[in-house]
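> Read top to bottom, the protein sequences are chains A, B and C.
Position 97 of the first sequence, counted from 1, bears residue number 97 in the numbering used here, the numbering being contiguous throughout.
Position 111 of the second sequence, counted from 1, bears residue number 111 in the numbering used here, the numbering being contiguous throughout.
Position 237 of the third sequence, counted from 1, bears residue number 237 in the numbering used here, the numbering being contiguous throughout.
In short, the hints are calculated from the structure, not lab data.
Hints are supplied without guarantee of correctness; some may be wrong.
Just so you have them, the derived chain C footprint on chain A, three or more residues with Cβ under 8 Å [what the hints assert, rightly or not]: (1) 49 to 59; (2) 78 to 90; (3) 101 to 109; (4) 113 to 125; (5) 248 to 257; (6) 302 to 308.
It should be emphasised that the depicted structure is a prediction, and the values quoted were computed from it without experimental measurement.
Even for Gly, the Cβ is constructed at its ideal location relative to N, Cα and C.
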Amino acid sequence: MARLTAAAVLALIAVAPFLPMGGMRQYALHVLVQIFIWSFIGGAWSLMGRFGLISLGHGAFLGAGAYTTTLLWNFWGLTPWLGVLVAVAGAVVIGLVLGYPCFRFRVVGHYFALVTLAVGEVVRLLVIAERDWTGGSLGVTLKASAGEASLAAIQFADKRVFYYASVALWLGGLWVWRRVDRSMARSALEAIGEDETAAASVGIHVTRFKLAITVLSAALTAVGGVLYAQYFTYVNPDTLSGIGVSLRIVFAVVLGGMYSLLGPTVGSALTIALSEYLRVLFGLKFIGMAETIYGLVLILCIIFLPAGIYGSLRAAIARRMARSRPSPA
Amino acid sequence: MAAPPTGMLELRGVTAGYGQFTALWGVSLRVSAGEAVAVVGPNGAGKTTLMRVISGLVSPREGDLTFEGQSLARLPAHEIVARGIAHVPEGRRIFPMLTVADNLKMGAFLRSARRGYRDSVERVYTLFPALAERQKQRAGSLSGGEQQMLAIGRALMSRPKIILLDEPSMGLAPVMVLRLFDLIRRVREEGYTILVVEQNVRQVLKLVDRAYLLEVGRIKMEGRADELSEQDFVRKAYVGL
Amino acid sequence: MIDPIFIAEAALNGLLLGGVMALLALGLNLIFGVLDIVWIAYVELVMLCMYLVYFLVTGYGWPIWLGGLASVAFGAVLGVAVHLLIISPILTSAAINQFLATGGLLFFLQSFATFLWTTDHRTVRLNLPIIEVAGMFLSFARLIAFVVAILAMIGLYLFLRHTFIGTAIRAVSQDRDAMRLMGANPQRVYVVTSAVGGAMAGLAGALLIIQYSVHPYFGAAFGPLTFMICVLGGLGNMVGAVVAAVIMSEIISVGGVMMSTEMGYVIAFVLFIVMMFARPGGILAKRE
Chain A
1 MARLTAAAVL ALIAVAPFLP MGGMRQYALH VLVQIFIWSF IGGAWSLMGR FGLISLGHGA
61 FLGAGAYTTT LLWNFWGLTP WLGVLVAVAG AVVIGLVLGY PCFRFRVVGH YFALVTLAVG
121 EVVRLLVIAE RDWTGGSLGV TLKASAGEAS LAAIQFADKR VFYYASVALW LGGLWVWRRV
181 DRSMARSALE AIGEDETAAA SVGIHVTRFK LAITVLSAAL TAVGGVLYAQ YFTYVNPDTL
241 SGIGVSLRIV FAVVLGGMYS LLGPTVGSAL TIALSEYLRV LFGLKFIGMA ETIYGLVLIL
301 CIIFLPAGIY GSLRAAIARR MARSRPSPA
Chain B
1 MAAPPTGMLE LRGVTAGYGQ FTALWGVSLR VSAGEAVAVV GPNGAGKTTL MRVISGLVSP
61 REGDLTFEGQ SLARLPAHEI VARGIAHVPE GRRIFPMLTV ADNLKMGAFL RSARRGYRDS
121 VERVYTLFPA LAERQKQRAG SLSGGEQQML AIGRALMSRP KIILLDEPSM GLAPVMVLRL
181 FDLIRRVREE GYTILVVEQN VRQVLKLVDR AYLLEVGRIK MEGRADELSE QDFVRKAYVG
241 L
Chain C
1 MIDPIFIAEA ALNGLLLGGV MALLALGLNL IFGVLDIVWI AYVELVMLCM YLVYFLVTGY
61 GWPIWLGGLA SVAFGAVLGV AVHLLIISPI LTSAAINQFL ATGGLLFFLQ SFATFLWTTD
121 HRTVRLNLPI IEVAGMFLSF ARLIAFVVAI LAMIGLYLFL RHTFIGTAIR AVSQDRDAMR
181 LMGANPQRVY VVTSAVGGAM AGLAGALLII QYSVHPYFGA AFGPLTFMIC VLGGLGNMVG
241 AVVAAVIMSE IISVGGVMMS TEMGYVIAFV LFIVMMFARP GGILAKRE
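Just chain A, same shape as in the assembly (with noise of 0.2 Å):
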């Protein structure tokens, strides 16, 4: 049965594109593909936030792995289909740079989480400070290449086939995510998690564990921000980096359910609705209101949804069950 559904919606999203939209078509597009890509990324944050690595500064990874593609284009021409593996490699550097001796020295809880803020707002601040060849607060656009199309230079007019490359990366992530979840690693992550001592003394190497972890992490975020830069054609360290775009992705990561599969491509397409709805509410009459409401919105579903959406329907339907069990004698 939900081997069926899997495959109707499936089916579903690939015709997506080619279903009747009455004009509609370029900005749904626009929205699917943002998506796509941002559940991927909560995909691979979730990767280190469900066994207990919270981190602020996720928005380090995405902006080394968008600016690293942008500037190598734009200054040598590099191809971004080379330019993604130094990407990638930047932001492995950095995980390790960061995790290392974080976890050598058992630095966890609430001190790793504000390290992690401080990496994000260093790559933020050297962005701005290197704004010779960066750009600086203004950002940076991606040169375009000759031609409409290129495919060596990841650039398409037609939004459809950055629609296909956000499917096919978000059922990577999804791919990626489920052989963590069935594999041995998830097992002693999750005792590390609980409990890192008693971890180590059954012999579980934990720095070892949580690097593997992070690195994967910041590897598959660093290819977000790279397939971001290429559809935006434009990145600008406050959006890609920084403490803002961190907590988004981990408010919609929470909302959606941080031990799920589907978790973060729900909680990715309920935030960036909500954040498309309100702007297109609020237009240009009143600035700031809508992500006024949006912060509200986050506070109140903290507050009043702690386990996320899909942790407290799971919640309310346990009591329900629970109620029309006959209570035993």
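Go by the hints and put chains B and C onto chain A.
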């Protein structure tokens, strides 16, 4: 000395625990004004849970808990203290980075206790001269026995009607244990009502009027201290120790 | 080669700024020490207080000192409001939810400020003199701010050391349950702590508005810096916060003069990251 019909502190059929786990089953006991009562039993019997239920850190699932005729159930811990119940917790729980003087000051946090706080401090220093000597010392640097003294002194600062002592001898060297029970005797002589929970059966029975035996969450035996001293379980416990 | 006099001037300015940053860090630390929660939106509260002073002084012609007092009072009210509305409900939630709740507040306040007052920078023009000391130029405003900050910190110290509620605040941060057994209602202690933390934010706001212009994204510059200072000094460690505040401010000031403003920040943040590995408990923590 028979216990008067209405006790100062009374538990009736109290059942309590943590999450899925139940630590106490239908426990009933009473402490009357001016008495010293002990609850003894082996490790894991539920003695600490009992203390935490009385002081309000844990809510009972079933049963009744009254103090001077008024129910304590569902009252938060700080209100229970205000009624006159002082709890010297297991492990002392003194504030390690505050001085001895500041620790005692915190004992008098209640509004009713704050006004006469200087007198209370003087009384505590008279009762425990060792604390007077170490007024400005950081509490964390005191020895185990001195910390226990401080914890008891701190409890006295709230001008309580009854003092709950949770495993006071725990972690103390044997010589200190004797000194400690001497101390508790002195407090008793000041007129305070005491409920003490202890593993060290022999020593505590010398101190109190009555005792209860708690095993696996249930009261197995109760009676006068001198009668219980003759019982087998006391002899066995002593040998075991 | 930069004239050493500029470096000395930057160093002195760094010290003066450090005073105000220390005030901020202490406020945040106080709250963390007692409640175990990091108010991610703390500097946004400062931003709101800065706007208050701006409007009172430029709009209504209040004298700056009165505006400052209003700011302190307003900050205290904000602190209590934040605690009751946002912190209290999530006091026992997972850390991640706490980050998201206060993070959501950050979005909310930044955007709401944009909506109300646009992104224009607002400055309070006080025409305070620039004084010259041994060839270095110092803003009088900055000097006053430093002195007031020091006085406030001394006041805080006395409050925590000698009053009942101040000692209780220290005690709760050491052992919350034991304090309940003393008859202290934890909620009341939290509210008082939040009020004090908020009041410090209000004071910091008043001291900052006479040196900097305010805009809705003021927190983007000072926020992360404040967290870094707190953690560097050891979360909950008061003396550490002051020391860390001075160190970070010095690096930013001197680095800013020798390279660029942003690089000054980068170096400071990198130092923070390095220190986290060397001394995870903060610079004054003893090695385990």
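> Checking C-beta pairs, does the stretch 78 to 90 of chain A have three or more residues closer than 8 Å to chain C?
violated (count 0)
> Just to make sure I understand the rule, a stretch counts as covered if three or more of its residues have a C-beta closer than 8 Å to a C-beta of the chain. Does the stretch 302 to 308 of chain A meet that for chain C?
holds (count 3)
> Examine the stretch 49 to 59 of chain A for residues whose CB is less than 8 Å from any CB of chain C, and state whether their number is three or more.
holds (count 3)
> Please verify the coverage claim for the stretch 101 to 109 of chain A: does it have three or more residues whose C-beta sits within 8 Å of some C-beta in chain C?
Check passed, 7 qualifying residues.
> If you look at each residue in the stretch 113 to 125 of chain A, do at least three have a Cβ nearer than 8 Å to any Cβ of chain C?
Per the Cβ count (9), the hint holds.
> Confirm or reject the coverage of the stretch 248 to 257 of chain A by chain C under the rule of 3 or more residues with a beta carbon closer than 8 Å to the chain's beta carbons.
It holds: at least three residues are needed, and the stretch 248 to 257 of chain A offers 3 whose Cβ sits within less than 8 Å of chain C.
The structure does not agree with numbered hint 2 stated previously, though it agrees with all others.
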